[in-house]
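Number of protein chains: 2
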Amino acid sequence: VSLRTSDPVELLAAARAGDRRALARLLTLVEDSGAAAREVAALVHPLGGSARTVGITGAPGAGKSTLTSALVDRVRRDDEDVAVLAIDPTSPFTGGAILGDRVRMGDHALDEGVFIRSMATRGHLGGLSVAAPAAVRVLDAVGWPWVLLETVGVGQVEVEVAGEADTTVVVLNPGWGDAVQASKAGLMEIADVFVVNKADRPGASEARRDIEGMLSLAGHGHARVDPSAEEVDPVAPWRPPIVETVALDGTGVDELWQAVRAHGRWAAQTGELDRRRARRTARELERIVAVRLLAMATELGEGATFAALRADVDARRLDPWSAADRLLDGFGPGRPAAG
Amino acid sequence: VSLRTSDPVELLAAARAGDRRALARLLTLVEDSGAAAREVAALVHPLGGSARTVGITGAPGAGKSTLTSALVDRVRRDDEDVAVLAIDPTSPFTGGAILGDRVRMGDHALDEGVFIRSMATRGHLGGLSVAAPAAVRVLDAVGWPWVLLETVGVGQVEVEVAGEADTTVVVLNPGWGDAVQASKAGLMEIADVFVVNKADRPGASEARRDIEGMLSLAGHGHARVDPSAEEVDPVAPWRPPIVETVALDGTGVDELWQAVRAHGRWAAQTGELDRRRARRTARELERIVAVRLLAMATELGEGATFAALRADVDARRLDPWSAADRLLDGFGPGRPAAG
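The listed protein sequences correspond, in order, to chains A and B. The working numbering applies: residue 3 is where the first sequence begins, and numbers increase by one. The working numbering applies: residue 3 is where the second sequence begins, and numbers increase by one.
Misleading hints may appear alongside valid ones.
Any copy will do: because identical chains look the same in the list, a pair fits if it lies in one copy or spans two.
In silico lysine to aspartate or glutamate, DMTMM-like type, Cα no more than 25 Å apart, as pairs [to be verified]: (1) Lys-186 with Glu-246; (2) Lys-186 with Asp-34; (3) Lys-186 with Asp-113; (4) Lys-186 with Asp-81; (5) Lys-186 with Asp-314; (6) Lys-186 with Glu-208; (7) Lys-186 with Asp-251; (8) Lys-186 with Glu-257; (9) Lys-186 with Glu-214; (10) Lys-186 with Glu-33; (11) Lys-186 with Asp-256; (12) Lys-186 with Asp-331; (13) Lys-186 with Glu-12; (14) Lys-186 with Glu-162.
Note that these hints are calculated values from the structure, not bench results. Since we're looking at a predicted model, the values are computed, not measured.
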């Protein structure tokens, strides 16, 4: 492929033939979310559906990147290809690489079976939550069987994105209280597998106890799907297992990967995977609709009426909600959808 | 005021008379963002306009809460009242309080001149970015002259909220690279004052050099407003000063507060404060419009057409953007605003 083409059709063909620069350029188009992003979305959509996505999230400093890197090693040992999408400003894959922390990335730099891409968390409201699933669809369409989605578990959009993988791994650290923090950040509801990373430090058992306590509070039964079983009971509920790891030396990473795959089997066999994907599509559609409506709102925001209403709010003649009412007066569905 | 009233008019009257529980309840109404939130917004809007807001943001672990607490002490020494709105899941004011880290909060617990409120970062897309300014308006209307807004500097919504104070303080730590991370998270553009906290640790001068370098790259001139001058040159651009602090023992906090007030004087005298508040109102208005439109989108999302289109997307007959097109067909401004 020519180094200079920006034609989505050409780029997609090249990316599917293994051209990594073409893939990178497709992802840039998707991230820029301009007109080309739409074209890419339309092109890749029919091609996808076989990738499995694994979200890896937790507070900054929990060791998500080291764990992601260790999981990449683990997946490669089975000779499966794996892509990483890092949406974590504190990750060595993104910010950290600049800090000379290239060592771990370097482990995979020459491996054709690994593709690592970082994504900025900046941009418009809703930008990340639309761009991340779009990027996953590209990686899926190009043929990456595994997509690891590393996201920082802080920030409402970020946590939302983290929860939309097929399987979500929440990474905590030893010590009492980390689980409470994670719960406040909204991470408990999205966890399919818990990791207590840095488990060689004191407090790993307290962390485990905390998690168990919160799971029971949340109404999870004690019945647990056996992670090593090939067949699962399709009516058995999934209680998120807790895996202790030391990502730096690889301790527990095998067990973690086993738990991830067990969740995948359970989700596929119980129909949960399809339900989850349908919910994800619904949310993605809602968000795209919201982004489109937001664009309409911004257009409204450029009109003379908007400026006058803004001045009224500043002068305290009008509160913001009443001003919004006036802007939106008459705004709504006109004729029914052509369907 | 009765412990049980939830009438916004009564609550506001009581809060303005100094009833802290009434204030707390008003803030809960605003956070819940139901119909009562609108009523509260309409009530408080004409009363506000005198509070000064100071955003304090930075990565988790940078020491924002300790610094916020030290600033509260500093403000109180001038016998001025101060409210803290903590939107930081890693803050001891919010999550941390549960962890037994009540010590610093306890310093202010009996002080009638201090009001501390935490706010969850969870909820709907746009929820925080609408609820936080609404909460500031309540504190303003009730008469708090200073509102410190502590937000975690990770997450796109959170960084956006942090940047919407009258003066924004970005907290970094010693060592090379923290400024690069902050820049990636979008914090450099929103900083009016930089703090290198934990400046007793090695690397404070490297951090300062990093920040200076990034400021120069961003086109900031070297001319600097003298933070100790009462009158400022209204055409002099503001170059964010860098203050070194050790929040734990109060070192540098005086200088920081001086820098914050200097920025306030500069902003007021140059007209920047008015411009900034007008921009803030415009963004708030856009967001409320967006939230309203999002509600319309969700209504669309409940219709039969939505379900059919979602199924088409899942079956890969239609890509999400084209599905959104069909949903929005005919959607738009109908008759002109009644104004």
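We went through each hint and held it up to the structure:
1. Lys-186 with Glu-246: This pair counts as within: shortest intra-copy Cα distance 22 Å, inter-copy 31 Å.
2. Lys-186 with Asp-34: between (32 Å within a copy, 16 Å between copies)
3. Lys-186 with Asp-113: Answer is neither: 38 Å inside a copy and 27 Å across each miss the 25 Å cutoff.
4. Lys-186 with Asp-81: neither (38 Å within a copy, 34 Å between copies)
5. Lys-186 with Asp-314: neither (38 Å within a copy, 36 Å between copies)
6. Lys-186 with Glu-208: within (18 Å within a copy, 35 Å between copies)
7. Lys-186 with Asp-251: So Lys-186 and Asp-251 fail the 25 Å test inside a copy (30 Å) and across (29 Å) alike.
8. Lys-186 with Glu-257: neither (27 Å within a copy, 34 Å between copies)
9. Lys-186 with Glu-214: Within one copy, since 16 Å is at most 25 Å while 36 Å is not.
10. Lys-186 with Glu-33: between (29 Å within a copy, 16 Å between copies)
11. Lys-186 with Asp-256: neither (29 Å within a copy, 33 Å between copies)
12. Lys-186 with Asp-331: Cα proximity of Lys-186 and Asp-331: none, with 38 Å in one copy and 39 Å across.
13. Lys-186 with Glu-12: Cα proximity of Lys-186 and Glu-12: none, with 46 Å in one copy and 31 Å across.
14. Lys-186 with Glu-162: Intra 14 Å, inter 20 Å, cutoff 25 Å: intra and inter.
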